[in-house]
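Using the sequences provided together with the hints, build the complete structure.
Protein sequences, first through last, are from chains A and B.
Quick note, in this note's numbering, the first sequence goes up one by one and the last residue is 318.
Quick note, in this note's numbering, the second sequence goes up one by one and the last residue is 318.
What the hints contain is simulated information worked out from the structure, not anything from laboratory work.
No false leads were mixed into what you were given.
Repeated chains share a single entry, so a pair holds when one copy, or any two copies, can fit it.
Simulated crosslink set (EDC-like; lysine to aspartate or glutamate; CA at most 16 Å straight-line): (1) Lys100 x Asp300; (2) Lys191 x Asp209; (3) Lys144 x Glu185; (4) Lys144 x Asp117.
It should be emphasised that the depicted structure is a prediction, and the values quoted were computed from it without experimental measurement.
Number of protein chains: 2
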Amino acid sequence: MSRQHQCTPGKPIRLAEVSTKAKKLHDDRKEAEQEFVKLRDELVELQRKLYAEGKHKLLIVLQAMDAGGKDGTIRHLFRGVNPQGVRVTSFKKPSEDEMAHDYLWRIHRAVPATGMIGIFNRSHYEDVLVVRVENLIPEKAWKLRYEHINHFEKMLSDTGTRILKFYLHISREEQAERFQARLDDPKKNWKFSVDDLEKRKKWDEYMAVYEDAINNCTTSWAPWHVIPSDQKWYRNLAIGRIVVNTLRDLAPEFPKTVIDLGKIRVK
Amino acid sequence: MSRQHQCTPGKPIRLAEVSTKAKKLHDDRKEAEQEFVKLRDELVELQRKLYAEGKHKLLIVLQAMDAGGKDGTIRHLFRGVNPQGVRVTSFKKPSEDEMAHDYLWRIHRAVPATGMIGIFNRSHYEDVLVVRVENLIPEKAWKLRYEHINHFEKMLSDTGTRILKFYLHISREEQAERFQARLDDPKKNWKFSVDDLEKRKKWDEYMAVYEDAINNCTTSWAPWHVIPSDQKWYRNLAIGRIVVNTLRDLAPEFPKTVIDLGKIRVK
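So, in structure tokens, the structure goes:
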């Protein structure tokens with residue numbers, strides 16, 4: 052299996068040194084898009100088998116700065132997949148009930164069941180990102196969380212959940228362009244929030260806490276992938292490849308029946 | 052705080068060497084019962100403050116052989132407490148949905164919120180007890196669970212949950228008497244199950260796996276207590292003392308208002 056864009060435990064990365072731009076993999080974007088369409092078709096087939104077999108669980112975690120492409124990745128890659136076998140959970144500001152429990156409580160509730168693909172649009176990683184930048188909890192508390200998270204993901208992995216974590220890496224300039232598009236295009240207006248501009252001002256602080264989260268929580272059982280995401284076509288292709296490769300590796304099969312179905316006559 | 056009956060991390064116990072009988076603490080049972088009634092009154096008051104303050108969470112885990120006294124402990128000790136602030140969760144055979152997730156999924160869902168006392172009547176410990184005796188999962192799988200459980204409880208503890216774990220220790224002879232009472236007394240018939248006799252046949256095996264669970268999962272943040280439980284009055288008193296001591300230690304207080312309520316006139 053290809054390990055492209057995958058972080059390695061014990062080898063910390065520096066986000067500033069990772070390009071947000073596509074490597075020149077294809078002579079043109081068209082070729083990449085053709086490969087992507089094929090991957091997507093294969094994903095649909097593999098998901099059908101995963102669901103029918105009911106043996107494995109796949110958890111996909113998506114994190115990014117605002118306008119980083121989380122929604123777009125889900126829309127492009129999982130279009131065509133039977134929604135019965137995929138559950139997307141978007142983690143927003145915690146509710147009162149969620150705040151009354153530990154921060155992993157709502158996360159654990161949402162993990163995929165056997166046969167399912169669970170997609171986290173934001174995740175427990177917000178609990179070591181925004182809380183640090185905004186000083187919402189003391190250092191003593193967030194420092195413990197890296198370990199909690201690694202142990203939690205280890206338990207999920209030990210009990211049959213394959214975990215794929217993606218950080219969609221965009222440049223500050225690319226974010227500006229996408230924000231501007233949200234302001235200019237009436238169909239995109241709804242995605243814009245003034246609050247996003249406040250977060251944008253703290254770009255470097257966010258890069259620092261993302262880097263810490265990625266480096267502290269890249270484990271053999273749940274490594275982070277840093278995906279160059281300035282070009283959407285490349286982002287989709289790169290994530291598509293990793294998801295499909297992972298499913299190929301799980302090799303789900305339609306279950307074989309133990310009884311001889313050929314002898315059954317439906318009257 | 053008294054550490055009576057509390058196990059110590061790194062100092063494994065042998066259940067066969069722990070008496071199931073009360074130590075002679077009181078000249079007579081009556082005196083013990085008087086102390087218990089006072090403790091129970093104090094518990095009611097402490098719980099009111101815990102709920103009003105909404106700061107701490109208390110998790111009480113009860114494990115025992117059949118007829119060990121889990122139900123009786125809850126009934127005797129928490130009678131009088133406002134049920135709004137106490138939630139008992141009885142973990143039975145997992146449902147299909149629960150089986151489709153990791154074994155800690157249903158447990159995590161049921162942990163107490165701030166201000167609450169959560170009582171587990173059976174718990175995640177069944178997942179290292181019955182599954183071992185009945186060979187439901189391979190050794191490789193249950194061996195990992197001690198660590199999962201310790202890490203899970205550590206995370207709960209780090210995020211503000213005080214955890215008290217009680218093993219209600221009865222003798223094989225005492226179980227026989229209680230089973231017989233369930234057979235003889237029409238009001239107790241419903242508690243008897245033929246399946247319990249099957250488990251009773253495997254008494255020594257159960258003692259061995261309980262011992263392993265207690266020794267592997269006694270941590271500084273969530274130690275086990277082994278409570279001599281052949282005499283119900285002693286079991287109630289011992290657990291009552293530990294629960295009340297723990298609440299005293301958390302020292303909940305009715306919240307103080309920041310505004311001057313004396314100036315408010317209700318018209």
